[in-house]
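Chemist: Below are the chains, spelled out letter by letter.
2 protein chains.
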Amino acid sequence: MFENNRICKLFGIQYPIVQAGMVWCSGWRLAAAVSNAGGLGLIGAGSMTPELLLTHIQKARENTDKPFGVNLPLLGPDVGQKIDIILKENVKIVFTSAGNPKTWTTVLKENRCIVTHVIAGSKYAIKAVEAGTDALVAEGFEAGGHNGREESTTFVLIPAVRKITDLPLIAAGGMYGGGSLLAAIALGADGIQAGSRFAVTEESSAHLEFKKKVIEINEGDTRLSLKKLIPVRMIRNNFYQHITKAEEQGSSRIELLKILGEGRSKLGIFEGDLEEGELEIGQVSALLDKIQPAGEIVKEIIKEYLERKKALSDD
Amino acid sequence: MFENNRICKLFGIQYPIVQAGMVWCSGWRLAAAVSNAGGLGLIGAGSMTPELLLTHIQKARENTDKPFGVNLPLLGPDVGQKIDIILKENVKIVFTSAGNPKTWTTVLKENRCIVTHVIAGSKYAIKAVEAGTDALVAEGFEAGGHNGREESTTFVLIPAVRKITDLPLIAAGGMYGGGSLLAAIALGADGIQAGSRFAVTEESSAHLEFKKKVIEINEGDTRLSLKKLIPVRMIRNNFYQHITKAEEQGSSRIELLKILGEGRSKLGIFEGDLEEGELEIGQVSALLDKIQPAGEIVKEIIKEYLERKKALSDD
Numbered sequence: 001m002f003e004n005n006r007i008c009k010l011f012g013i014q015y016p017i018v019q020a021g022m023v024w025c026s027g028w029r030l031a032a033a034v035s036n037a038g039g040l041g042l043i044g045a046g047s048m049t050p051e052l053l054l055t056h057i058q059k060a061r062e063n064t065d066k067p068f069g070v071n072l073p074l075l076g077p078d079v080g081q082k083i084d085i086i087l088k089e090n091v092k093i094v095f096t097s098a099g100n101p102k103t104w105t106t107v108l109k110e111n112r113c114i115v116t117h118v119i120a121g122s123k124y125a126i127k128a129v130e131a132g133t134d135a136l137v138a139e140g141f142e143a144g145g146h147n148g149r150e151e152s153t154t155f156v157l158i159p160a161v162r163k164i165t166d167l168p169l170i171a172a173g174g175m176y177g178g179g180s181l182l183a184a185i186a187l188g189a190d191g192i193q194a195g196s197r198f199a200v201t202e203e204s205s206a207h208l209e210f211k212k213k214v215i216e217i218n219e220g221d222t223r224l225s226l227k228k229l230i231p232v233r234m235i236r237n238n239f240y241q242h243i244t245k246a247e248e249q250g251s252s253r254i255e256l257l258k259i260l261g262e263g264r265s266k267l268g269i270f271e272g273d274l275e276e277g278e279l280e281i282g283q284v285s286a287l288l289d290k291i292q293p294a295g296e297i298v299k300e301i302i303k304e305y306l307e308r309k310k311a312l313s314d315d
Numbered sequence: 001m002f003e004n005n006r007i008c009k010l011f012g013i014q015y016p017i018v019q020a021g022m023v024w025c026s027g028w029r030l031a032a033a034v035s036n037a038g039g040l041g042l043i044g045a046g047s048m049t050p051e052l053l054l055t056h057i058q059k060a061r062e063n064t065d066k067p068f069g070v071n072l073p074l075l076g077p078d079v080g081q082k083i084d085i086i087l088k089e090n091v092k093i094v095f096t097s098a099g100n101p102k103t104w105t106t107v108l109k110e111n112r113c114i115v116t117h118v119i120a121g122s123k124y125a126i127k128a129v130e131a132g133t134d135a136l137v138a139e140g141f142e143a144g145g146h147n148g149r150e151e152s153t154t155f156v157l158i159p160a161v162r163k164i165t166d167l168p169l170i171a172a173g174g175m176y177g178g179g180s181l182l183a184a185i186a187l188g189a190d191g192i193q194a195g196s197r198f199a200v201t202e203e204s205s206a207h208l209e210f211k212k213k214v215i216e217i218n219e220g221d222t223r224l225s226l227k228k229l230i231p232v233r234m235i236r237n238n239f240y241q242h243i244t245k246a247e248e249q250g251s252s253r254i255e256l257l258k259i260l261g262e263g264r265s266k267l268g269i270f271e272g273d274l275e276e277g278e279l280e281i282g283q284v285s286a287l288l289d290k291i292q293p294a295g296e297i298v299k300e301i302i303k304e305y306l307e308r309k310k311a312l313s314d315d
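Residue numbers (the numbering used here), protein chains in the order written: chain A, 1 to 315; chain B, 1 to 315.
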């Protein structure tokens, strides 16, 4: 099983399932749990100071002897410091996002890192290929958190990226179970990255109230928002209503940034303020109904994948 | 192949590929071509007068001895007349959309029609099941034309609907090739309905300029619009900019209806006014690059489906 899978070979993992490096959710506990279960766990550096990232890398290493990685958004003043830590700690798997892949890919590759870049539109695939990345995550409109302006869904984005490049490709956005993995591969991907489903695991650092909210909501309860700033998919709570109304009434970028303020996603996801926080989560939240251990999810996905694959072959 | 497929059995067709009954595209030529190729062709009654629908049904029958159907939006003053024609002409396959399935399903079923209802959110699946429909089309956010307010993408919508009902299920939105068919089945559907791809066939009634525009555009060039009226996915042309600006500036429903006016989709799709018409098309337009005969598309989808299915089994 998955002997010839390019994602498994590239990262040295058992199953082509990547756990997204989400802000305020993806610490060492979650990453280690997913890696121990045979997937690829990622530490989400986006919400960490360089010091905290160092601690999480060290803790992850203490808690798994399997490969794990770091997701690093390429914006922000401390990217250089975080890269230094990643290299010093000998982390060999880096997922880069939210920025130009050309800036850091060469440095990372010179230090023998495997570099995967996250894109939300096929035109960015060209840039990532030119930058020399080893693999891509293509993330559809349905994904939680930061997203692209093209609004391309997973169903369209995966074949579109596959037309452009033969690089190992990880599909993200809307990933739920084994059916998602099989569908992603059918569309031309080699594996999946799941975010929301791992956000509501026991090992996720998110606040319990946030996890409860995510498993409670239904279709239509998240929305791609903040389109005048950077598009983000979030739950439609008070904060959403407030900033969306301001956007609709023609508020300027500066006014919107003032409403957004600092630390909105921390307030919501980590501190559990369900009304005033920015509750980043994907559309797949509509399918979620329980908080589980992360390893159990990896097992469930693989079990269902094999069942559905067999049903297809028998048909 | 497809011996046990429930969509094929239900409609008596060879392949589980339905051609969407699109306004200004889906006349008898297109429907007959798709049915002759082993799929299910649908006449789009939405843009036809009752008299024209009668002509198209009769012409379709003259041009194929295979099953074909009619797509009937349930809004509009002449629905009753169109149902009379469908029953009198002994059309046995009816796809209903844009309205309450309870209103007409019983009448159609009493006349031994197979009734399939189109939904864009899983909560509408419950209503359709209660109304006694035989099958469902679940249409994701990426689809062209009229769409739902939940913005659920195909990747999320199909598993969500499958959780609710075991009815034969046709996935729509983002359908391109054999990978799409395989992915749709992996997610829990039994077949697919493709719109955009058949809109740019030789047999489509759309204006040549519209077809050329569709194969030229890229990712991000369509947008779900008119959210204050009824959401419609269309190309971002002058008309789109005009009405979107009005929406953003807080125009009332009445003002928006005035800008929309009458016959916008006819102007764009049928008459080829690429700037002032309403150019309804799906995100999958980004993947389209040629005008083909419809039957060739059916063949291509099945060929690629078999190749990808084999590649999966061998893996």
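If you are wondering where the hints come from, they were derived from the structure by calculation, not from laboratory data.
Honestly, I wouldn't trust all of these hints.
Calculated pairs, DSSO-like style, for lysine-lysine (alpha carbon to alpha carbon, straight line, at most 27 Å) [stated by the list, open to error]:
no., chain 1, residue 1, chain 2, residue 2
1, A, Lys163, B, Lys228
2, B, Lys212, A, Lys123
3, B, Lys228, A, Lys228
4, A, Lys227, B, Lys228
5, A, Lys59, A, Lys88
6, B, Lys290, A, Lys163
7, A, Lys266, A, Lys163
8, B, Lys310, A, Lys9
9, B, Lys212, A, Lys245
10, B, Lys9, A, Lys290
11, A, Lys212, B, Lys245
12, B, Lys9, B, Lys303
13, A, Lys228, A, Lys245
14, A, Lys228, B, Lys290
Residues of chain A placed beyond 10 Å of chain B at every Cβ, according to the derived structure [as the list claims (entries may be wrong)]:
no., residue
15, Pro77
16, Lys123
17, Ala186
18, Gly188
19, Gln249
The beta carbon of each residue, even a glycine, is placed where N, CA and C say it ideally should be.
Chemist: Compare the structure with each hint and give your call.
Modeler: Do the hints match the structure? See the list:
A distance of roughly 36 Å separates the Cα atoms of lysine 163 of chain A and lysine 228 of chain B; the hinted pair therefore is violated under the 27 Å criterion. At roughly 21 Å between alpha-carbon atoms, lysine 212 of chain B and lysine 123 of chain A fall within 27 Å of each other, so this suggested pair holds. At roughly 19 Å between alpha-carbon atoms, lysine 228 of chain B and lysine 228 of chain A fall within 27 Å of each other, so this suggested pair holds. Taking the CA atoms of lysine 227 of chain A and lysine 228 of chain B, the gap is near 17 Å; set against the 27 Å cutoff, the hint holds.
At most 27 Å may separate the alpha-carbon atoms for a hinted pair to count; lysine 59 of chain A and lysine 88 of chain A meet this at roughly 15 Å. A distance of roughly 15 Å separates the Cα atoms of lysine 290 of chain B and lysine 163 of chain A; the hinted pair therefore holds under the 27 Å criterion. With a C-alpha separation of about 38 Å, the suggested pair lysine 266 of chain A and lysine 163 of chain A falls outside the 27 Å cut-off, and the hint is violated. Pair hint lysine 310 of chain B plus lysine 9 of chain A holds up; C-alpha atoms about 21 Å apart against a cutoff of 27 Å.
Distance hint between lysine 212 of chain B and lysine 245 of chain A is unfulfilled; the C-alpha atoms sit about 38 Å from each other, more than 27 Å. At roughly 37 Å between alpha-carbon atoms, lysine 9 of chain B and lysine 290 of chain A are farther apart than 27 Å, so this suggested pair is violated. Our distance criterion of 27 Å between C-alpha atoms is broken by lysine 212 of chain A and lysine 245 of chain B, whose separation comes to about 38 Å. For the given pair, lysine 9 of chain B sits about 20 Å from lysine 303 of chain B by alpha-carbon distance, which is consistent with the 27 Å threshold.
About 12 Å separates the Cα atoms of lysine 228 of chain A and lysine 245 of chain A, which keeps this hinted pair within 27 Å; it holds. The suggested pairing of lysine 228 of chain A with lysine 290 of chain B is violated, with an alpha-carbon distance near 34 Å, which exceeds 27 Å. Every C-beta of chain B lies more than 10 Å from that of proline 77 of chain A, the closest at about 30 Å, which supports listing it as non-interface. Once the 10 Å rule is applied to beta carbons, lysine 123 of chain A is inconsistent with being away from chain B; the minimum gap is 7 Å.
Distance check for alanine 186 of chain A against chain B: the nearest CB is about 4 Å away, which does not clear 10 Å, and the non-interface claim fails. With 10 Å as the threshold on Cβ separation, the claim that glycine 188 of chain A sits away from chain B is violated: the shortest Cβ distance comes to roughly 6 Å. Against the 10 Å criterion, glutamine 249 of chain A falls within the reach of chain B, whose nearest CB is about 7 Å from its own CB.
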